[in-house]
Amino acid sequence: MNPRNNNKSSISLVLCLKLSPLVMCLSEYGEILFCSERLIQHVGKDAVGQSLFNLFTLEGPARAYIKNRRITADSAGELLLLSSQKLQFALRGQLIEGMYDAKFTYILTAAPWLNWLYDNLGDVFIDVKDFPASDSQLEYQMNLCANREMLADLKNFSKSLQQAKKEAEQAGQAKTRFVRHISHEIRTPLYGVITSLKLIQEETQEQRRDRLFEIANSSANALMDLINEVLDFSRIEDGVFASSQETYSLQNMVRDLEAGLAAKAAEKDMYLQFDIDRALPAQITGDKRSLQRILYNIVGNTIKYSESDLVNTRFGLRNNGDDYFLMVEVEDYGIGIAEEELVHIFEPFWTSANNKSNEYSTGLDYLL
Amino acid sequence: MYGMIHKSIHGMVLEHLGEEGWKKIADQAEVDEQHLLSMESYDDHIVYDLVEAAADCMNLKPSQILENFGEHFVKKTLSNNYQNLLKNFGQTSFELLDNLNKLHTSIKTTFTGYRPPTFTVRYIMLDEIDLIYESERIGLSPFVRGLLTGIAYLYGESLVIAYEEKIDVSSGEQTLFRVVREPPK
Chain A
1 MNPRNNNKSS ISLVLCLKLS PLVMCLSEYG EILFCSERLI QHVGKDAVGQ SLFNLFTLEG
61 PARAYIKNRR ITADSAGELL LLSSQKLQFA LRGQLIEGMY DAKFTYILTA APWLNWLYDN
121 LGDVFIDVKD FPASDSQLEY QMNLCANREM LADLKNFSKS LQQAKKEAEQ AGQAKTRFVR
181 HISHEIRTPL YGVITSLKLI QEETQEQRRD RLFEIANSSA NALMDLINEV LDFSRIEDGV
241 FASSQETYSL QNMVRDLEAG LAAKAAEKDM YLQFDIDRAL PAQITGDKRS LQRILYNIVG
301 NTIKYSESDL VNTRFGLRNN GDDYFLMVEV EDYGIGIAEE ELVHIFEPFW TSANNKSNEY
361 STGLDYLL
Chain B
1 MYGMIHKSIH GMVLEHLGEE GWKKIADQAE VDEQHLLSME SYDDHIVYDL VEAAADCMNL
61 KPSQILENFG EHFVKKTLSN NYQNLLKNFG QTSFELLDNL NKLHTSIKTT FTGYRPPTFT
121 VRYIMLDEID LIYESERIGL SPFVRGLLTG IAYLYGESLV IAYEEKIDVS SGEQTLFRVV
181 REPPK
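So the protein sequences, as listed, match chains A and B.
Oh and the first sequence: position 192 is 192 in my numbering, straight run, nothing missing.
Oh and the second sequence: position 97 is 97 in my numbering, straight run, nothing missing.
These aren't lab readings, by the way, just hints derived from the structure by calculation.
Cβ atoms here follow ideal geometry from the backbone N, Cα and C, with glycine treated the same way.
It is possible that some hints are incorrect.
[As the list claims (entries may be wrong)] Some chain A residues judged to face chain B by a derived CB distance under 8 Å, without partners named:
#1 Phe125
#2 Ile126
#3 Glu139
#4 Ala146
#5 Phe157
#6 Ser160
#7 Asp287
#8 Leu291
#9 Ile294
#10 Glu341
[Said to hold, decoys possible] Residues of chain B clear of chain A, computed beta-carbon distances all greater than 12 Å:
#11 Met4
#12 Glu52
#13 Gln64
#14 Asp127
#15 Glu128
#16 Glu136
#17 Val160
#18 Ile161
[As the list claims (entries may be wrong)] Here are the computed lysine to aspartate or glutamate pairs in the DMTMM-like style, where the Cα-Cα straight-line distance is at most 20 Å:
#19 Lys185(B) x Glu128(B)
#20 Lys7(B) x Asp27(B)
#21 Lys268(A) x Asp232(A)
#22 Lys108(B) x Asp135(A)
#23 Lys159(A) x Asp32(B)
#24 Lys76(B) x Asp119(A)
#25 Lys129(A) x Glu95(B)
#26 Lys159(A) x Glu19(B)
#27 Lys108(B) x Glu139(A)
#28 Lys155(A) x Glu40(B)
#29 Lys86(A) x Asp135(A)
#30 Lys7(B) x Glu30(B)
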């Protein structure tokens with residue numbers, strides 16, 4: 001039944017075969033007169049001679065176009081939807097009026113009905129060779145995939161924006177807390193300076209004046225420390241806190257550190273002990289200023305909050321393969337920090353709930 | 001190129017070097033876009049810069065990064081969302097390669113800015129083809145090598161590039177790959 005052999009009556013069919021790989025010719029009563037080779041792969045050789053309505057369920061168009069299993073001229077041009085659970089196949093196509101084997105016939109040019117196949121058969125694989133070049137179903141499927149991907153992108157994007165918004169809000173709140181906190185922290189030593197100076201003017205006894213001078217001086221120093229910490233924090237936040245490398249004597253650095261903290265320790269009758277492991281080289285290379293600053297904050301904090309009379313700071317050498325590390329341990333017997341609070345120690349303006357002391361604190365020491 | 005490519009590189013770097021590695025590579029490549037959208041078209045230089053930076057960080061040649069990326073693109077990116085669709089365009093790796101131009105034309109109907117390469121398949125034998133890759137972009141042949149590895153994985157086949165030859169062209173790039181499909185072991 002090759003239509004090419006019948007030049008007289010099969011022109012329409014030849015054209016249809018050029019337009020679509022899945023073609024069938026039908027009599028007006030739905031008898032299948034011809035199936036293209038690719039369609040036979042889906043419906044079987046026995047399909048020719050059978051009724052279309054026995055092989056497939058007519059899912060569309062409205063039954064008005066095909067009454068009593070008889071195809072009418074009204075159905076020509078309509079989108080025809082056919083499915084078959086038995087064949088595990090579904091078609092979507094158009095009927096046109098044409099000639100086959102010198103007889104009037106209806107020609108169905110079709111393509112696999114992808115949505116039905118996916119809905120009913122799951123992950124079915126359809127060959128692109130079954131589709132007319134202009135069929136847009138594969139593009140539609142591609143768009144669905146692309147849309148799914150786009151949706152996932154937008155969800156991620158939206159999640160990131162929400163996170164950024166939350167962080168911005170938290171940063172805003174942190175700034176507000178900072179201003180409130182710093183204002184409070186500044187007020188205490190400032191009040192110490194102002195009150196002492198006022199009382200000095202009124203005080204006649206030299207001994208009491210000396211004591212008031214001491215209070216004014218220590219309050220002013222506390223104020224200076226606080227302002228320095230805030231400035232350092234601000235520099236880190238602005239990214240202008242530059243790290244510098246230099247070779248220096250660890251022993252001299254420790255001596256300077258001890259001298260810087262001696263007055264604070266003496267105020268609390270505290271003894272500072274510094275032990276340097278002999279295995280450490282005399283000269284080390286690194287960011288001396290930052291290390292000194294970190295140690296000043298940690299040991300200084302220990303002095304501030306410890307209730308013991310000894311703070312022991314040990315400098316040791318640790319190695320991991322070819323890498324060597326300077327390890328510093330600071331030991332005291334103070335109030336300590338609860339384990340659940342350890343995660344917060346590098347957060348700005350954080351102070352321990354255990355801190356009941358009256359010492360000034362910006363909550364920036366560990367962060368810096 | 002579409003963001004899908006950039007995102008796939010991102011995925012590959014994350015898989016091998018983690019978030020820190022990605023930050024390092026993105027910084028070196030000076031990629032500002034933090035949220036690339038798969039279906040948005042971006043400048044090609046982003047991909048080239050990322051490949052250069054990744055090669056630098058991983059101490060590999062850029063061609064090796066591209067090859068790894070081609071494999072990753074099929075195995076991880078396309079396999080996630082597009083596997084069924086890909087298989088509609090071929091039941092075997094050779095069929096898919098033969099239908100790649102049709103696939104690209106379909107994509108272009110929606111993504112009109114898409115500038116795909118061209119693939120021509122010439123059968124030497126049933127299990128041996130010459131695949132001619134033509135692109136207006138330079139230097140992406142190693143990516144195709146990786147794609148072939150990924151496609152072989154997708155179909156559970158074993159493809160071997162028996163021969164590869166750059167063809168002299170006045171612009172763009174053209175490479176011939178002789179691909180042999182080996183019988184399953």
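Legend entry - Restraint check for Lys7(B) with Glu30(B), where alpha carbons must lie at most 20 Å apart: holds (15 Å)
Inset, instruction - Run the C-beta distances from Ile161(B) to all of chain A and say if the shortest one exceeds 12 Å. - result: Non-interface label stands for Ile161(B): nearest chain A Cβ at 25 Å, farther than 12 Å.
Legend entry - Restraint check for Lys159(A) with Glu19(B), where alpha carbons must lie at most 20 Å apart: holds (17 Å)
Legend entry - Agreement of hint Ala146(A) with chain B interface, Cβ distance less than 8 Å: holds (5 Å)
Legend entry - Restraint status (C-alpha distance of Lys7(B) to Asp27(B) at most 20 Å): Holds. Lys7(B) to Asp27(B) sits at ~16 Å (cutoff 20 Å).
Legend entry - Hint validity - Ser160(A) Cβ closer than 8 Å to any chain B Cβ: holds (6 Å)
Legend entry - Check on Val160(B) being off the interface with chain A, judged by Cβ distance over 12 Å: holds (25 Å)
Inset, instruction - May I ask you to check that Glu52(B) keeps its beta-carbon over 12 Å from the closest beta-carbon of chain A? - result: holds (25 Å)
Inset, instruction - Taking the shortest Cβ-to-Cβ distance between Glu128(B) and chain A, state whether it exceeds 12 Å. - result: holds (22 Å)
Legend entry - Holds or violated: Lys108(B) to Glu139(A), with C-alpha atoms at most 20 Å apart: At roughly 9 Å apart (the allowed maximum being 20 Å), Glu139(A) and Lys108(B) satisfy the hint.
Legend entry - 20 Å Cα cutoff - pair Lys185(B), Glu128(B): holds (17 Å)
Legend entry - Closest C-beta approach of Ile126(A) to chain B relative to 8 Å, hint status: Cβ of Ile126(A) sits 5 Å from chain B, so the hint holds.
Violated hints, listed in ascending order, are 7, 8, 9, 10, 11, 21, 24, 29; each of the other numbered hints is respected by the structure.
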